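2 protein chains.
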Amino acid sequence: MIKGIFLGGHQGQWRVESMQTQRGEPLPAVSHLHSADTTENWQSAGFAWCLQGVTSSVRYTTQTEQAFLQQHQPPLHRPEATRAALIPIRKSAAWWDLAQDERRAIFEEQSHHIALGTTAFPAVARRLFHARDLGEPFDFLTWFEYAPEHVTLFEELVGALRATREWQYVEREIDIRLHFLG
Amino acid sequence: MIKGIFLGGHQGQWRVESMQTQRGEPLPAVSHLHSADTTENWQSAGFAWCLQGVTSSVRYTTQTEQAFLQQHQPPLHRPEATRAALIPIRKSAAWWDLAQDERRAIFEEQSHHIALGTTAFPAVARRLFHARDLGEPFDFLTWFEYAPEHVTLFEELVGALRATREWQYVEREIDIRLHFLG
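These protein sequences, in sequence, are chains P and W.
So in our numbering, the last one in the first sequence is 184, and the numbering has no gaps at all.
So in our numbering, the last one in the second sequence is 184, and the numbering has no gaps at all.
Excised from the complex, chain P in its bound form (with noise of 0.2 Å):
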């Protein structure tokens, strides 16, 4: 189980190119993002906020699809996916009232959400990060990776996800957008 710990303020690994609060409330405006090893000490340190996750196990997927993933989805850290996206989002609590069968079948026999993330392969790497049960603001933190010239695919696919029945459950939503600086 990993831990992402990402830090906004005015220093880090990642430049923030913009932030757009698709839905609800907004994060305060930062010009980096810090990819940190510990919480402590963040505030103190000068940072705005502090967001936090951990990878936990899948919650949707099935045998047949992780042997997929596994096999097909590329690594994080790249040299040439110099470009990256944090997206935050925030569930409704209509939609975890759902039982399990409920929300996978929202979550992928109705709106693709595996698939669509497949059809950026080998483009686009992503980490998904639990938050909810840490009683964080946000219930995911999604980390993507690509290079510059892979923008628009990327674009596609953040739109595709946005259009899906899975996305009229999200209620909260930032989407920040990221250079790497080394």
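Worth flagging that the hints you see were computed from the coordinates, not collected in a lab.
Just so you know, these numbers come straight off a predicted model, no measurement behind them.
Hints are not guaranteed to be accurate.
Since copy identity is lost for identical chains, a pair holds within one copy or between any two.
In the SDA-like style, the derived pairs of lysine to any residue whose C-alpha atoms are separated by at most 25 Å in a straight line are [claimed, not checked]:
(1) LYS5 / ILE108
(2) LYS5 / THR154
(3) LYS5 / HIS36
(4) LYS5 / LEU155
(5) LYS5 / THR41
(6) LYS5 / ARG80
(7) LYS5 / GLU158
(8) LYS5 / ALA101
(9) LYS5 / GLU151
(10) LYS5 / GLY161
(11) LYS5 / ALA96
(12) LYS5 / LEU130
(13) LYS5 / LEU136
(14) LYS5 / PRO139
(15) LYS5 / CYS52
(16) LYS5 / THR84
(17) LYS5 / SER113
(18) LYS5 / THR166
(19) LYS5 / SER58
(20) LYS5 / ARG134
(21) LYS5 / GLU42
Starting from the known structure of chain P, arrange chain W on it as the hints suggest.
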């Protein structure tokens, strides 16, 4: 989402009748369990350990099962339910590496976890707290409440669960039995 905080020590609303390590590393022995509202200062208050979790969302329950449970499951805090059990468990990495449909099949189609629980209705009330994403030493804390005359029924329930295929993935389990002091 309800938070469950359980402090083991020498004071609390529940007297510890027994603590049995079913598998894995034991927890330090205590005489009392305190169901708390906060994790703050539990060490300076003299408690030996603190376990916490959140009710979160259902992971395996289908719509049909959820409707049945909502209609038939007994509530907590019944005045006659003066016996309780807190059973923290941790499952193996092999369990968490399984895909969602594989875990569901072992959990219910093969092990009848939900169905077994309903055989103890309305005698045994239950609340599940998820702890894995919180970085806790256990993945789940399950809390059960029942009247003294249903001790045998409860024993049969936990015995049946421990005999399932699902339980082969349990690598740590402590069974803590409690009497209500008020």
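We went through each hint and held it up to the structure:
Neither within a single protomer nor between protomers do LYS5 and ILE108 lie at most 25 Å apart by alpha-carbon distance, with minima of 27 Å and 28 Å respectively. Taking the closest pair of Cα atoms, LYS5 and THR154 never come within 25 Å of each other, the shortest separation being 29 Å inside a single copy and 43 Å across copies. For a Cα distance limit of 25 Å, the shortest separation of LYS5 from HIS36 inside one copy, 14 Å, qualifies, whereas the shortest one across copies, 30 Å, does not. Taking the shortest alpha-carbon separations for LYS5 and LEU155, neither the intra-copy value of 28 Å nor the inter-copy value of 41 Å comes in at or below 25 Å.
For a Cα distance limit of 25 Å, the shortest separation of LYS5 from THR41 qualifies both inside one copy, at 10 Å, and across copies, at 22 Å. Taking the shortest Cα distances, LYS5 and ARG80 sit within 25 Å of each other inside one copy (20 Å), while across copies they are farther apart (40 Å). In this assembly of identical chains, LYS5 and GLU158 lie within 25 Å of each other by CA distance neither inside one copy nor across copies; the values are 28 Å within and 39 Å between. Within a single copy, LYS5 and ALA101 get their C-alpha atoms only as close as 27 Å, which misses the 25 Å cut-off; across copies the closest is 20 Å, which meets it.
In the homo-oligomer, the alpha carbons of LYS5 and GLU151 never lie at most 25 Å apart, since the shortest distance is 29 Å inside one protomer and 46 Å across protomers. Taking CA atoms no more than 25 Å apart as the test, LYS5 paired with GLY161 passes in neither setting, with 27 Å inside one copy and 36 Å between copies. In the homo-oligomer, the alpha carbons of LYS5 and ALA96 lie at most 25 Å apart only across protomers (20 Å), although the nearest pairing inside one protomer, at 27 Å, exceeds that limit. Proximity of LYS5 and LEU130 under a CA criterion of 25 Å is satisfied in both settings, with 10 Å inside one chain copy and 24 Å between copies.
For a Cα distance limit of 25 Å, the shortest separation of LYS5 from LEU136 qualifies both inside one copy, at 11 Å, and across copies, at 11 Å. In the homo-oligomer, the alpha carbons of LYS5 and PRO139 lie at most 25 Å apart both inside one protomer (16 Å) and across protomers (16 Å), since each shortest distance falls under that limit. Taking identical chains as interchangeable, the C-alpha atoms of LYS5 and CYS52 lie at most 25 Å apart whether they share a chain (13 Å) or sit on different chains (22 Å). In this assembly of identical chains, the alpha carbons of LYS5 and THR84 lie at most 25 Å apart only when taken from the same copy (21 Å versus 40 Å across copies).
Neither within a single protomer nor between protomers do LYS5 and SER113 lie at most 25 Å apart by alpha-carbon distance, with minima of 27 Å and 32 Å respectively. In this homomeric assembly, LYS5 and THR166 never come within 25 Å of each other (Cα to Cα): the closest approach is 28 Å inside a single copy and 32 Å across copies. In this homomeric assembly, LYS5 and SER58 come within 25 Å of each other (Cα to Cα) both inside a single copy, at 9 Å, and across copies, at 19 Å. Taking identical chains as interchangeable, the C-alpha atoms of LYS5 and ARG134 lie at most 25 Å apart whether they share a chain (13 Å) or sit on different chains (12 Å).
Taking identical chains as interchangeable, the C-alpha atoms of LYS5 and GLU42 lie at most 25 Å apart whether they share a chain (14 Å) or sit on different chains (23 Å).
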